[in-house]
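Chemist: Just need the whole structure built from these sequences, with the hints factored in.
First to last, the protein sequences are chains Y, W and A. With our numbering applied, the first sequence covers 164 to 699. With our numbering applied, the second sequence covers 1227 to 1630. With our numbering applied, the third sequence covers 3 to 376.
Since the hints were derived computationally from the structure, they do not count as laboratory data.
According to the in silico footprint, chain Y covers these stretches of chain A (three or more CB under 8 Å from chain Y):
(1) 5-15
(2) 98-112
(3) 126-135
(4) 144-150
(5) 265-274
Think about it this way: if two alpha-carbon atoms lie no more than 20 Å apart in a straight line, the pair counts; the simulated EDC-like pairs of lysine to aspartate or glutamate are:
(6) K1504/W <-> E170/A
(7) K235/Y <-> E261/Y
(8) K134/A <-> E420/Y
(9) K1588/W <-> D33/A
(10) K173/A <-> E1591/W
Quick reminder that beta carbons are idealized off the backbone N, C-alpha and C, glycines included.
Here are the chains, one letter per residue:
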Amino acid sequence: MGLVSKLFAKPKKKKKKNQPATKDTSGQASDISSRFLNTDLSKNLQTILNTTGNSADIIIRQIDLADEPPIKAALVMVDGLIDDKTVNETIIHTLLTEYSLQEAVSIEKSFDYLEKKLLPITNVTSVYEWNDLFGKLLSGETIILIDGVEKALSTSTRGGEKRAVTESHNEVSLRGPKEAFTESMRTNTSLIRSRIKNPNLWIESFQIGKVTKTDINVMYMKGIANDKIVKEVRRRLKRIEIDQIPDSGFIEQLIEEKTYTIFPTVFHTERPDIVVANLMEGKIAIIVNGSPFVLTVPALFIEFFQAADDYYARFDISTGIRFLRVLNFFISIVAPATYVAVTTYHQEMIPTLLIIAIAAQREAVPFPAYVEALLMETTFEILREAGVRLPKSVGQAVSIVGALVIGQAAIQAGIVSPAMVIVVSITAIANFATPSFSMAISSRVIRFGLMTLAAVMGFYGIITGLMMMTLHLCSLRSFGVPYMEPLAPLMIKNMGDTIIRIPLWKMKSRPKLISQKNIIRQGDNQQPRPPEDNGS
Amino acid sequence: MTKRLNLFAFICITILLAGCWNHRELTDIGIIAAVGIDYGQDKRYNMTFQFVNPKNIAGNQQTSGLSGPAITIYESEGDNLLEAARAASQHVSRQLYFAHTDVLMIGEEVARDGLTDILDIPIRNPDFRSTATIVIAKDSTAEQILKTLTPLDQIPANTIDKTLQFSESRWGEDIHLTVGELVPTIYSKSKQAVVSGFVLKGDKEKGKQDANIQSSRPLAPLNADGIGIFKGDKLITWAEGKTARGINWILNNIQSTVMAVDWKDKKDAFGITINLSKSKVSANVKNNKPHITVHIDAEGGITEADTFLDLSKAEELIKVQNALRKEIKKEIENSIQFAQKHKADVFGFGEKISHVDEDYWKKVEDVWNEEIFPNLEVKVEVNAFIRRTYLISKPFLYEHKGND
Amino acid sequence: MENAKLSSYQFFVMILLFEMGTSLVISLGSDAKQNTWFSILLGSLIGILFYHVNYKIYTYYPNELPSSYSKKIVGKFLGSILGYFYIIYFTYICARVTRDFGELLVAVAYTQTPLFIVNAIMIILCVFAVKKGIEVIARTAEINFALMYLFAITGLILILVSGLIELENLKPVLRNNWGTILRVVILETAFVPFGEMIAFTYLFPYLNYSKNGRFLGSFAILLSGINLSITAAINVAVLSVPLFENTQFPLLSTIQYISIGNFIERLDIFFIFAAFIGAFFKIVIFFYVAVIATTDLFHLKDHKKIVYPFGLIVLFLSQTIASNYQEHINEGLKFVPPHLHIPFQIGIPVILLVIAFLKNRKKEKNMSKTMKEG
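Modeler: Here it is in structure tokens:
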């Protein structure tokens, strides 16, 4: 390897020794000369205008609070982030009319007066530092600066446009609540809070993202969740040193256990009822402002095959559908590989009539089976990607026509064989049946790997690939919990909710490795029965 | 990090190098439906291969307008079977693929000379499945029979296979035998082999052409005919008709068949369909003399009555039942005598003796077929029952006919 | 030694899969003809005996690997030599099983592929597994165990439904054959696969609740013995004795006969699956044990560094131990049991046990003496 790279290396310029990349933050907020506010109002206002570069949406409303002694004040707010009604009616109106009705207050006492006696606002805080002030200002709070006071009053007037709570588009359920999370973190936490009316539901707040300073809330049930895992979550979140967090996906990738794996170790969902169920099992929820996807950790392999509907329906149908899901997963990874292996290595496996039919079809196709499979699968992935980007109005028609026409035309032209099209379609449909999106994309990648192995060594290759996958799965951990629990290590008590789903009244205990205490969740004898005296 | 990547690349390359020694595209293999073995010149083996032509199988989207016969025949000669098979690659544009071979047909001449040479390759070769049916071409060469096209099945091998299956299960005069079932009996001293035969009637030349299937009655139909009796690995004679069925009675191969019973002076007056048949052979050795008992349990119903008898009465039914028992017993005893005459224990009586008294068997196994079996006393017990007469009881049509 | 713990169930499952291993698919003890099933059962009982001997030694030196406690029993020098020989023994057996499996695959399905490639793929997989550690192997064993049993039960049902079993073929049962049966037991089945449990002496320290070790091991050996003997009985029943004696892979022949409704047939692939899972666990456990023994004997820090070289060694060894399959089989039946299996599986452990027992008694006597005096 050294020889080859030397052959192809370009002559290198001598690098200067170990100069770390500097973070050039000149001209940014951290560049303010002093950390704390000034007593002079005009100086403070100047600092604000300079730092924000006279941004058009910063509103500064100057008010004379009193004439004798003259007390000047200014309100600073960001247009679009505030709730205009609150600002107008509660702050400005109160300041303009009611302040003067009170006895004269000195400048020193005016601040306390505003904070504790005058303003009918839910939340007020004192702000001393510039970092703090800008943080609050840009969150939608109104800052009240008083001339001669070196602190500011920050009032909560958050408003602005938010998406309403609607139905979930990605995780549809037939039975069960339809509400989905939105981008506003407070709305999301309120959706969860309203479902768990228990003071033990604790929320911790973080601000992650050096530049964007995104708000992150971590929720867990104190007493059910494992304290060690909570600590670990805290530790990992605090470690993050990135400049922006646009979506919970970033958090997921930065706190996950192992990066070089196809399988997701963090679970995400759009539905409050799923998060509530997970919290009750002792998992920890991470809510990111600006993202409708809430993360829960730790995540186990079997979780990605469970849908909310399973719990709301009866146990027999749920068990059947779960079996179907596992089967689907297998089909979606193994089907094209099996087709390739069987038609090129193990022709004795197929019944005679079928092999004759397939042989007749393949006579017309110029490619070997593996190339054909690869072609069809890639085409399908392209179609799928295209389908996501198309605008809704056109999307449906184009994808149906496209698939039909392209499929049919390709067969007629003799580029692919009908059997291959069937295999690819079955694979795709099976793929869509996986409830969790992250697992579905994993299976897409695995499928290609297995196809290659099948082309190389037939069934032996497929078995080897599957065994490698099993070994890899068994070595994963999610926040310290083995990924394949309760299948391996086998815990029979927790097996009630894996591929099968035992009746609800039987699920007495929570998963042991996740929540180490408070394991019993149901009393005994919960099986529903008719009353003893039946009929009389 | 780079070290890991290097190692990983290494491994990937190794796997890819693994390459495709066993890689066979479907378009490169020739699916052989039936194999025939005959003698060629100078007693070399002449093998006939019935290749399936996938393009010409009806029901395929990919067929172009022309269609020819669904099968193609190729022949090849060699000193042993392996040589003959590989030599065929000189004139066949495909790799020979035996995993779907359903029929192994052996010409009568070869069968009379001995099958041992032929049977090693089907069981040793992993490609060849031991569930293939083995058949002997009676009074002809395998080549002739395999060249015949058949109207109902596109692949004639299917005709042979299915005909044998249905004949065994519905008629009882043939045996559907697989290679795997044949092999233990070929050299066993305690049970001799039996193999079904197939015969080609009619115009053999026309049988090879499309003309055979273009007319409403095939010009050269294929028939299953008789059971070949083997001594060791050589075919010695044919058991036909009722004798063949008798053999099947004892071998517990009868699933369903029809028996005809004479009544008074009318021959074959009653037709009885046997639905269930079970045979049990028990053996014991007393005073150094072996005794065999063949016990048959059978059940059936009267499906044809050509003479008048008041079948609504149970006693009359019992009379027919007794006649049935006698008939079956006669058939079985005839078959046993036939086998004894030819000194071939095809029933496995020796095997039963060996289970019961191993010491005795060890003493006599070499002379069993020649000396002891032909003089063996076999007791035949038939427990046949007629359970029902189906939709009508008295054959009232005959009731009135008798009165004319 | 790794910092890992195995639960009782994991231990049990690993022993089961290890024992069934390749023995499920090759002709085990087929010299006993229709009484093979009996000689397998007897062999498993003897295997349990061997296991108890080894476990007893472990109870004297809990939480230690054999390479360290053999040093304590017979002295540092002899103990190291013993440990060294065991490493070679395990590597050799690992190569044998790899060769077994490779030959099987080449004979049955991959007739044109060179043996080297088939073995190489298996060894790469084992290297991958051993690098991940024993806990991962144990967890994978749990999942594969469920799969194996699913196949086994499905296979059994299919064979029954196909009506292939002819109980007549099992007669005469246990008559006049005792000489052969006992010879088969003493020379073959007691050692392969049941005596190969010696490898698990290197895994005892990992067991979570070591009190269960004796029971778990015995039960697992018994269960695998029952499984193997049922398989052998079914093979004889389906194939009849002459075919059974002469085929290299009786289970394959049996599976090839399954035909239900003309549709469910040609199930050889499940045979390959079963063979693969069994062979994989046998190879990986021998491999792991050899690596761990080396790490312990030479006081290496980490077992992961020597895994690749070991893989290469096993691979090349599997190519060179025999020039054709018959030589390989004959060596395994005629040469290996008396010269290798007897000393390593039972000879040395018995000697170690006796010495350890005497030493312990002396220690107890000394202790009770000092306690009386004190």
